[in-house]
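Hey, can you work out the whole structure from these sequences and the hints?
Those protein sequence lines, which keep their order, are chains A and B.
The working numbering applies: residue 1 is where the first sequence begins, and numbers increase by one.
The working numbering applies: residue 335 is where the second sequence begins, and numbers increase by one.
To be clear, the hints were calculated from the coordinates, so they are not data collected in a lab.
Model, not experiment: these values are computed from the prediction.
Don't be surprised by glycine CBs; every beta carbon is placed ideally from N, CA and C.
Nothing false has been slipped in among the hints.
The calculated lysine-lysine pairs, modelled on DSS-like cross-linking and capped at a C-alpha distance of 25 Å, are: (1) A:Lys329 / B:Lys447; (2) B:Lys484 / A:Lys333; (3) A:Lys333 / B:Lys486; (4) B:Lys441 / A:Lys333; (5) B:Lys488 / A:Lys333.
Facing chain B, from chain A, some residues (calculated, C-beta under 10 Å): (6) Pro107; (7) Ser216; (8) Glu219; (9) Ala220; (10) Gly223; (11) Leu224; (12) Gly225; (13) Pro238.
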Amino acid sequence: MSEKVFASSAFNDNLDSRQRKARIWQTILLACTLLGILVLTMMLVDIIVDGAGWLSPTLFNNNHSRFPEKTGMNSAIYGSIYNVLLTALFCFPLGVAAAIYLEEYAPKSKLTNFINININNLAGVPSIVYGMLGLTVFGRMFGLFAPESPLVNFFNLPVEAGNVGGLKFNLFGIPGLIIHLPFGRSLVAGAMTMSLLILPTVIISSREAIRAVPTSIREAAYGLGATRWQMIRTQVLPVSFPGILTGIILAMGRALGETAPLIIMGAFMYVPFLPRNIWDKFTTMPIQIYNWITLPQPEYNIHLAAAGIIVLLLVLLGMSALAIFLRNKLQVKW
Amino acid sequence: MENNIRDTHLKNQSKEPIIETKGLSVFYNNRLAIRDINIAIEPNKITAIIGPSGCGKSTLLRTFNRMNDLIPGARVEGKILYNGIDINQKALDPVGLRRHIGMVFQKPNPFPKSIYDNVAFGPRINHYTGNMDELVETSLRQAALWDEVKDKLKESGLALSGGQQQRLCIARALATQPDLILMDEPASALDPVATQRIEELMIELKEKYTIIIVTHNMQQAGRASDNTAFMSLDRENIEARIGILVEYGKTEQLFTNPRNKETEDYITGRFG
Ligand SMILES: Nc1ncnc2c1ncn2[C@@H]1O[C@H](COP(=O)(O)OP(=O)(O)OP(=O)(O)O)[C@@H](O)[C@H]1O
Ligand SMILES: [Mg+2]
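If you want it as structure tokens, here you go:
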């Protein structure tokens with residue numbers, strides 16, 4: 001019909017068939033979207049049905065027990081929170097500093113290019129690889145502090161044997177600054193491994209935030225006699241801070257959900273108390289959930305596991321909401 | 335060709351030039367952008383730089399406070415004397431130079447901070463030891479903005495109108511107490527009323543400061559400036575797109591009786 005309206009000899013515009021194709025594609029795309037949403041919804045509904053009834057103060061206040069009704073995930077919740085906060089503490093300065101260097105200082109060279117490519121690659125390395133790295137480097141420190149190791153023998157270090165063995169010393173004699181080598185299966189070791197895992201993501205998102213600072217205000221600062229560092233500190237960092245923060249919170253969300261590296265690290269399945277300090281053993285929510293799923297009773301492997309997943313999802317949602325809130329609140333509107 | 339124009343102009347000048355370039359050329363990634371510029375800027379005057387787009391006006395302006403240092407691949411040859419001092423010498427730190435040479439950009443670019451903090455930024459980073467409140471007020475008064483903002487100094491500089499923002503940027507540049515102010519098309523983003531305010535402001539400011547302004551607006555150059563430099567692309571090698579200084583002289587003379595045919599064509603709008 002339309003062919004007749006805009007009749008033209010040089011174009012065989014075939015409008016009806018083109019429009020039919022367009023409609024078919026639209027339907028296919030919609031179907032794919034709905035399928036994804038449908039599967040997600042089914043999972044959520046299933047989890048809520050299985051677990052909602054088990055959300056109770058007991059779940060938050062108690063630790064794992066032989067009786068499902070008395071079982072909770074208190075130590076796992078706190079373990080996750082401590083772990084993720086410690087991770088942020090390690091990751092924030094390192095990641096932001098690296099991002100500032102790479103964006104503001106690094107010369108355009110082959111080496112810089114190589115580093116850039118590899119940061120992107122590292123962000124895609126499976127988390128289990130980080131777990132093995134963390135175990136070797138932080139957890140065992142290459143066995144350097146094991147009894148009878150060459151290092152220990154050479155310096156005659158006073159190491160202890162056993163699980164929490166190794167070298168303990170008190171840096172500067174300040175009571176709070178006791179250091180254990182190697183880090184073993186402690187919160188420190190877990191958080192450092194998680195830091196390695198999320199560092200590439202933190203660097204990438206921080207760089208994006210820094211790059212988004214307009215050239216015009218950089219030039220304005222230089223034009224007034226600012227040094228490079230003054231320009232960075234007074235303009236780039238305040239303006240990019242909301243973006244950097246958002247990236248870090250989202251990365252912390254990833255660290256919160258990761259299980260494999262911590263299991264490789266040897267994080268404990270069953271920790272019936274809260275970590276007393278950063279050298280203490282710990283467990284986390286996903287490990288706790290995994291642990292329950294492996295138990296034979298349906299109270300554990302269906303209901304408690306689902307309840308645990310609900311708690312984990314709520315914490316993750318809360319962190320995303322916080323990230324969005326901070327971004328909207330602090331973002332500079334040009 | 336350009337050299338003698340400049341020389342005749344400067345003959346009857348008593349004061350030493352504040353800026354003088356000798357054989358100044360600028361390269362971007364080894365591509366020549368402006369060639370052999372010889373120009374002497376009179377103190378306490380407004381000097382306009384005019385010329386077609388891409389002829390290197392901004393490039394020339396940015397050599398005066400060494401802003402081109404910030405562009406990777408930019409290279410400057412020849413001499414630039416600021417009050418007789420070679421500003422490209424190794425021993426000179428451009429950071430120190432830029433406090434003495436303020437810059438106002440084409441698009442108003444206030445910092446996303448309060449009006450007060452915008453003006454106080456330069457003095458703070460340069461460790462100003464005097465009374466900051468007074469300095470902020472003086473600078474805003476000089477930029478003819480004080481009356482409009484005196485009750486909202488704590489509000490964001492971004493909340494002002496475009497014309498007000500540009501005057502804020504001028505106040506911010508004045509606060510470091512420069513001798514010379516470089517303006518790169520400061521009114522091109524503004525309406526005629528705001529443009530006129532900036533022009534009036536420039537004329538007030540030249541009592542104390544020297545101003546160099548790049549503009550595309552012939553009337554503005556004619557009205558506001560004392561001297562005018564006309565830059566254009568080198569005709570003898572037009573493919574290379576090399577900017578040169580074609581004519582430089584008193585604005586009145588350059589506009590009414592240009593020596594160069596190309597200048598005349600450009601001014602009367604018969605260019606290209
Ligand atoms: N950062 C840069 N890198 C490479 N080349 C540049 C850069 N800045 C300017 N140029 C080149 O130098 C020449 C002069 O540019 P410039 O910006 O100085 O011109 P202009 O006279 O200010 O033009 P306009 O009136 O459009 O602002 C142009 O050919 C431009 O492409
Ligand atoms: Mg320009």
